[in-house]
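A.B. asks: The whole structure should be built from the sequences, with the hints applied where relevant.
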Amino acid sequence: MQRYEDVVIPMQANLKDIEIINQTALDDFDALIKSRPYDIFSDDDIDYLNELSRVLLKDQRTRSYPDVATFSFFCRRSNLIGLKNKFKIEGRIEVGRGILFHIAPSNVPVNFAYSLIVGLLSGNINIVKVPSKNFEQVEIIVNAINNLSRDRRYKSVSNRIFLVKYDRDNNHATKYFSSICNVRIIWGGNESIRRIRENALPPRAFDVTFPDRYSLCVINADSYIAEKNTSKVAEGFYNDTYLFDQNACTSPHLIVWLGSKQNVKKSQSIFWHSLHALVKDRYTLQSVQVVDKITEFFNQSLNIEGIKKSKTKDNLLWRIKLERLDGNIEDFRCSGGYFNEYHASSISEITSVINTKYQTMSYYGIPKKELIEFIHQEKPNGIDRITPIGKTMDFSFNWDGYDLVHTLSRVIEVS
Amino acid sequence: MNIDALFNINPYSLGKKEKSKLLSNYLAELTRHHYMKSVHYKAMVDAMSFDINSEVTYTELPFLPVRLFKLNHLSSIANKDISKTMISSGTSGQQPSKIFLDKETSLRQTKVLAKIVSEFTGSTRSPMIILDSISVLKNRNMFSARGAGIIGFSMFGTKRVYALKENMELDIESLGAFVRDHQESRIFIFGFTFMIYKHFIKELQKKKINLDLSNAILIHGGGWKKLESQSISPKEFKKLLADLTGLKSIYDYYGMVEQTGSICMECEYGHLHTSIFSDIIIRRPYDFSVAEIGEIGIIQTVSILPKSYPGHSLLTEDEGILLGEDDCQCGRLGKYFQVIGRLKNAEIRGCSDTYAS
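For the protein sequence lines, the chains are R and Z, in the order given.
According to my numbering, the first sequence is numbered sequentially starting from 1.
According to my numbering, the second sequence is numbered sequentially starting from 1.
Careful, some of the hints might be misleading.
What the hints assert, rightly or not - List time: in silico DSBU-like cross-link candidates among lysine-lysine, alpha-carbon distance up to 30 Å: (1) K225(Z) to K239(Z); (2) K321(R) to K391(R); (3) K321(R) to K37(Z); (4) K357(R) to K175(R); (5) K133(R) to K225(Z); (6) K198(Z) to K226(Z); (7) K344(Z) to K313(R); (8) K70(Z) to K309(R); (9) K308(R) to K70(Z); (10) K37(Z) to K103(Z); (11) K311(R) to K42(Z); (12) K42(Z) to K313(R); (13) K265(R) to K308(R).
FYI, nobody ran anything at the bench for these hints, they're computed from the structure.
Since the model is a prediction, treat every value here as computed from it, not as a measurement.
C.D. replies: Structure, rendered in structure tokens:
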């Protein structure tokens with residue numbers, strides 16, 4: 001591999017304005033970038049992550065951050081073994097592609113950590129740009145990583161982790177890391193992707209990008225009407241939406257109702273009412289979001305005929321009733337509680353509007369079998385994930401239609 | 001609808017009850033007018049399920065967020081009747097607002113501005129200093145907010161001088177000569193707050209120039225956003241001007257290109273006043289209900305002037321406080337208020353931009 005010789009600029013110069021936030025990697029960046037890939041799902045990595053999970057769960061602060069707690073559970077051995085069984089193909093030799101350069105989103109605290117573990121388990125060396133904002137969640141996880149880095153047993157894994165923070169305008173750093181990586185993983189924002197892509201990659205390297213997406217939720221009112229624990233459904237929906245300001249790529253903006261007219265009407269009333277109670281209790285609405293909502297609503301009314309705002313008590317929750325489903329519906333969205341609603345005669349009615357921008361379809365009251373059938377029969381242009389309400393944010397090694405482990409590793413054929 | 005009768009009375013002479021009745025009539029009529037004339041406006045009002053024939057007070061009429069004028073061309077006249085297009089100073093990266101005027105609306109704006117401002121300057125015209133550069137007026141068909149302001153206020157001047165050269169440098173020779181030539185008269189000065197600070201106050205300070213404007217009156221507008229970032233308060237702004245030039249009569253105003261003409265002038269007590277041609281409603285962000293006196297909220301502005309475009313009831317992106325109604329010490333009737341500033345940008349979570357700050 002010629003890779004390292006290609007780097008003309010001395011490394012030190014490029015790392016000048018970078019804050020390196022994990023400890024051991026600092027002494028020996030050269031060794032880090034020259035280390036060799038691992039097998040996918042290696043025992044070392046699983047041991048390491050299991051220990052990381054233990055350290056995190058011991059940290060008092062983890063309890064106050066559900067996202068850190070969820071991450072800790074994800075890293076437990078039992079979960080990882082399950083994933084190994086699912087993804088590792090017996091008899092096939094698969095090792096990491098080399099150096100991954102991860103660029104994590106600036107406003108989702110733990111995303112960087114998931115990106116990192118999939119990088120480790122696919123056998124790679126990881127340079128991770130963590131959010132430049134100061135999130136305590138990041139601090140907790142970095143602290144745990146630093147704890148492990150002092151432990152000799154985990155040295156080889158620790159040496160494959162290089163966490164950096166730097167200003168988004170520091171293009172030298174992005175340029176340099178791009179020039180030495182084998183895969184660059186860019187987490188969203190179309191504009192971010194465009195700007196980062198201005199930095200060349202080595203010929204064999206490639207990008208895995210997670211651009212802006214659109215998500216929807218399908219609720220079968222005929223089942224929902226019988227739901228006893230409606231507040232639990234609301235809780236799940238709240239976590240899918242308001243918990244991240246309805247601004248995660250997985251957050252639904254379009255709610256498609258199925259079922260009889262009467263059941264839909266009743267269900268809507270119950271569903272939104274129970275959600276509203278939660279939002280009122282937990283969500284802080286910022287004034288400018290309210291202006292955003294009303295602006296988006298009027299803008300939508302100028303572009304989509306026949307929409308009506310449903311009466312709501314306040315501005316925490318805006319519901320927009322659609323008369324029909326237009327192909328450009330995904331253009332009219334707003335964060336912080338703005339929902340388009342449509343009553344469809346069947347799930348297949350929505351196929352025509354689904355394009356490649358559609359990512360997550362969350363659902364309630366539809367048998368899994370029917371969902372699989374829907375995909376097989378309709379083969380919509382978009383939708384990469386179908387999850388129950390409340391599970392849209394759950395990280396999976398299949399993301400945005402990529403099988404991440406196999407995308408980030410290479411298969412070696414011996415014949 | 002005729003507003004001529006209103007020109008015969010003082011613009012601050014109607015108490016709460018009378019003014020509310022007047023505004024309700026005029027604004028409901030304007031709402032119906034735009035509903036009939038603008039398909040866009042109709043679509044929006046229908047989407048809100050608002051019945052335009054319902055008898056409501058003006059606070060219950062629909063309001064459009066000002067940002068909409070940046071996203072869409074909203075007009076209630078045929079293209080051939082457009083006599084002027086005004087554009088707002090769009091913040092960087094944003095589309096500017098476009099406001100379409102016909103002769104009638106444009107004339108109303110001029111007349112109302114004259115009516116309001118002459119309450120402060122007196123009805124005779126004076127020699128005028130414009131604290132800006134003539135280059136702002138280059139394109140006569142597309143008026144920027146600054147250009148529109150300058151042209152609007154120019155009617156109060158007899159002789160006019162632009163204090164800034166084309167390169168925005170202070171033209172101290174012309175200015176000095178103008179002040180000397182008009183020692184005997186009361187000079188009227190107009191400019192935009194930030195421009196005045198940056199190109200006038202700062203220059204006078206830097207070059208240690210003394211200019212005697214103790215007999216002049218200054219009217220300025222355009223907002224405090226840029227000065228806030230330099231931590232210059234309205235009080236300090238006035239003090240700097242008084243120290244450097246002896247200026248004592250300084251009046252800020254609150255207005256926007258989307259509702260040109262019916263501006264809110266600051267009184268001697270530092271309060272912004274609505275005239276009989278307009279009103280403000282402070283709304284609670286939580287549910288858009290009307291806030292109490294003393295409560296911070298989003299400013300909605302209504303004006304009875306906009307006939308050529310549906311801008312008679314607008315939700316701004318400013319925060320403000322209603323200080324009182326009909327009882328300001330200055331004696332003017334109507335609501336008086338204070339502008340806090342722009343709504344803060346939202347800090348939102350979610351996997352949008354890795355490049356967002």
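A.B. asks: Next step is simple, just say for each hint if it's right about the structure.
C.D. replies: Status of the hints after comparison with the structure:
1. K225(Z) to K239(Z): holds (19 Å)
2. K321(R) to K391(R): holds (25 Å)
3. K321(R) to K37(Z): Answer holds: K321(R) to K37(Z) is near 26 Å, not above 30 Å.
4. K357(R) to K175(R): holds (28 Å)
5. K133(R) to K225(Z): Answer holds: K133(R) to K225(Z) is near 25 Å, not above 30 Å.
6. K198(Z) to K226(Z): Given that 30 Å is the threshold and the Cα spacing comes to 10 Å, the pair holds.
7. K344(Z) to K313(R): holds (24 Å)
8. K70(Z) to K309(R): holds (22 Å)
9. K308(R) to K70(Z): holds (23 Å)
10. K37(Z) to K103(Z): holds (16 Å)
11. K311(R) to K42(Z): This hinted pair holds, its Cα atoms lying about 19 Å apart.
12. K42(Z) to K313(R): holds (24 Å)
13. K265(R) to K308(R): Within the cut-off at roughly 15 Å; holds.
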